[in-house]
Amino acid sequence: MPELPEVESARATIEAAALDRPIAAVDDTDTYECRPHAPGEIAAALVGRSLTAAHRQGKSMWCDTSGTDGDSTPGPTLGIHLGMSGRILVTGPDGALTQGGDWTGGRYGRGGDEPDRKAVWDRFTLTFADGGTLRLFDKRRLGRVRLDPDVSRLGPDAEEVGVDELVERLGRGSAPVKAKLLDQSVVAGVGNLLADETLWQARLSPRRPADQLSRDELVRLHDALHDATKDAIRQGGVHTGEVIEFRHAGAHCPRCGAQMVRATVGGRTTWWCPQEQV
DNA sequence: CCATATGTTAAAAG
DNA sequence: ACTTTTAACATATG
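Here the first sequence is numbered in full-length UniProt numbering, starting from 1 and rising by one per residue.
No lab work stands behind these hints, which were simulated from the structure alone.
Where a beta carbon is used, it is the ideal one built from N, C-alpha and C, also for glycine.
It is possible that some hints are incorrect.
To be verified - EDC-like, lysine to aspartate or glutamate: derived pairs with alpha carbons at most 20 Å apart:
#1 K230 <-> E159
#2 K230 <-> D122
#3 K230 <-> E242
#4 K230 <-> E245
#5 K230 <-> E165
#6 K139 <-> D30
#7 K139 <-> D122
#8 K230 <-> D164
#9 K139 <-> D27
#10 K230 <-> E160
Stated by the list, open to error - So the derived label-pair ranges between C-beta atoms look like this:
#11 R255 <-> V120: 38 to 46 Å
#12 A96 <-> S174: 47 to 55 Å
#13 D20 <-> A263: 14 to 22 Å
Take the sequences, apply the hints, and build the full model.
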């Protein structure tokens, strides 16, 4: 996925291009992405309303909705999660894709998808009264859409979490520090690539038990997380991180030249520099 | 056919 | 009971 930076980009796209456009029709027939809603349930709840705001915490997004013509009471929130490969595509009344907001890099964002010719990968669609659309385009089909999503178990957003709060949340428990970073209830928004980038920037081994890190090391981790997240948002995605292109066999650390090593940590493929990350 | 993939989560294990 | 690890999910791609 779409990690925090890509989700922020998608959120910004919705905010810039999809708000205050009355919804005329909804395709919610993908029973996997829309579970546990029955087909038609989301449609019935949204037709006649508009999206009025787009929010994000970690990798989760949700939109507020307006009242209807006959009832000004706001509607349910529309939760959208991009899963492993989801993208938000918004078109205008003329059918042209809105430019500039959504991510374009990395394994699943790279060009060549030709979304308009691959409608089979459109898992959820809002059609606006003006003729335009908002689509969740998702090859892997692990994204999800739901009404009034429960985001109460998410930890603080990785972009905004303060030093003391992160030190407190991350520094307890014997699991490897990378597993803690990936745990969305500890801190929300860090995925596999952002975790590797952050640990490389902080010069910490992904395998270190979280509760054996010193305060200084945790502060370093916080600063690295903040910087890596900001940079990725500014530059257009997690794949722009400094160490990401060196996550493969035979690659060398771009700082010290040592050969990068690979192992499974926190359940995910992990690459790090054994020389500097200790 | 096999392995891998930027995520989440239920189930199993400790 | 709480924490940690593993497996499964659905599907594309090399």
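Comparing the hints with the structure gives:
About 7 Å separates the Cα atoms of K230 and E159, which keeps this hinted pair within 20 Å; it holds. Restraint check for K230 and D122: not satisfied, since their Cα atoms lie roughly 30 Å apart, outside the 20 Å limit. A threshold of 20 Å between alpha carbons decides the hint, and for K230 with E242 the separation of about 13 Å falls inside it, so the pair holds. For a cut-off of 20 Å, the pair hint linking K230 to E245 stands: about 18 Å separates their Cα positions.
Between the alpha carbons of K230 and E165 the distance comes to roughly 18 Å, so the proposed pair stays at or under 20 Å and holds. This hinted pair checks out: K139 and D30 have alpha carbons roughly 13 Å apart, not beyond 20 Å. Restraint check for K139 and D122: satisfied, since their Cα atoms lie roughly 8 Å apart, inside the 20 Å limit. The straight-line distance between the Cα atoms of K230 and D164 is roughly 19 Å, inside the 20 Å bound, and the hint therefore holds.
With a C-alpha separation of about 17 Å, the suggested pairing of K139 with D27 holds against the 20 Å cut-off. Simply put, K230 and E160 have alpha-carbon atoms about 10 Å apart, close enough for the 20 Å limit, and the pair holds. Checked against the hint of 38 to 46 Å, the C-beta distance between R255 and V120 comes to roughly 43 Å, which is consistent with it. For A96 and S174, the Cβ-Cβ distance of about 53 Å falls inside the hinted range of 47 to 55 Å, so the restraint holds.
In this structure, D20 and A263 break the distance hint of 14 to 22 Å, their C-beta atoms being roughly 49 Å apart.
When the structure is compared with the earlier hints, violations turn up for hints 2, 13 and for no others.
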